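With the sequences and hints as input, model every part of the structure.
Protein chains: 2
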Amino acid sequence: MKNQAYRMAMLYDFYGDLLTARQKEFYDLYYNDDLSLAEIAENYEITRQGVRDIIVRAEKTLEDIEEKTGLIQRFHQTRATVSTLRELTSQIEAINRDRLKDGELEKLCTQLSEAMEDLERE
Amino acid sequence: MKNQAYRMAMLYDFYGDLLTARQKEFYDLYYNDDLSLAEIAENYEITRQGVRDIIVRAEKTLEDIEEKTGLIQRFHQTRATVSTLRELTSQIEAINRDRLKDGELEKLCTQLSEAMEDLERE
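So the sequences go chain by chain: U and D. Each residue of the first sequence is one higher than the one before, counting from 762 in the working numbering. Each residue of the second sequence is one higher than the one before, counting from 762 in the working numbering.
Calculated directly from the structure, the hints in this document are not laboratory data. Computed from a predicted structure; not experimentally measured. Check before you lean on any hint, since a few could be wrong.
Same chains, same label: a pair holds when it works inside one copy or across any pair of copies.
[To be verified] In silico SDA-like cross-links for lysine to any residue, where the CA-CA straight-line distance does not exceed 25 angstroms: (1) Lys763 with Leu796; (2) Lys829 with Asp879; (3) Lys829 with Asp794; (4) Lys868 with Gln852; (5) Lys868 with Gln838; (6) Lys821 with Arg783; (7) Lys868 with Gln834.
Encoded structure:
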């Protein structure tokens, strides 16, 4: 479970709203607020195993959705391509700085970088 | 239903594998193979209304998922940003062609365009 916290946070970000209210609540407390199973159990007056079952089922639901849609995988590919775009833009900026010194080109590179920041926020 | 064919194709592309086997089958025949409700009904020996109910329920499921996750909306934003990146790259290419004539810059612009093609395939 918690050894995969990054992956779980990503799954939750993408598909969390497809969980039931209770699954969401427990998942959130466990992964985002970092409560232990025992702490959640105590707060909700159910067994530790009961909490565990709900979270494990939620994880399975999220993993199944990703396995079927592949949208997080697609997202990672996009991020990798954006890194390539950033690197290429840096190279253009460097050429301009060292050799071409064209103000208009510099401005376009800045705009490219801004658009890539948008991409990374999306 | 069919007046929203593009939207429906997109929903199916993103979330189709989350439908039941039967929902997928009918949705596919109706939207992708363009069969009528009556034709599907005849092939499967059920009523036209029965087919309609299954497809309408499938549509609702897909719409609910998008409403909760917003991933198609995010995808459209990404596409719009990629258009901006393309436009900026074209402007850099034009400056280079008209004024700077730098071979290395030209090569980088080609690589930028290729990376954006990757983004549009993802």
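Against the structure, the hints:
Taking identical chains as interchangeable, the C-alpha atoms of lysine 763 and leucine 796 lie at most 25 angstroms apart only when both belong to the same chain, with a minimum of 11 angstroms there against 48 angstroms between chains. In the homo-oligomer, the alpha carbons of lysine 829 and aspartate 879 lie at most 25 angstroms apart only across protomers (22 angstroms), although the nearest pairing inside one protomer, at 27 angstroms, exceeds that limit. Taking the shortest Cα distances, lysine 829 and aspartate 794 sit within 25 angstroms of each other only across copies (22 angstroms), while inside one copy they are farther apart (28 angstroms). For the homomeric pair lysine 868 and glutamine 852, the shortest alpha-carbon distances inside one copy (14 angstroms) and between copies (11 angstroms) are both at most 25 angstroms.
Taking the shortest Cα distances, lysine 868 and glutamine 838 sit within 25 angstroms of each other only across copies (23 angstroms), while inside one copy they are farther apart (28 angstroms). Proximity of lysine 821 to arginine 783 under the C-alpha cut-off of 25 angstroms is found in both arrangements, the shortest distances being 15 angstroms within a copy and 23 angstroms between copies. When the C-alpha separation of lysine 868 and glutamine 834 is checked against a cutoff of 25 angstroms, the pair qualifies neither within a copy, at 33 angstroms, nor between copies, at 29 angstroms.
Of the numbered hints given earlier, the model fails hint 7 alone.
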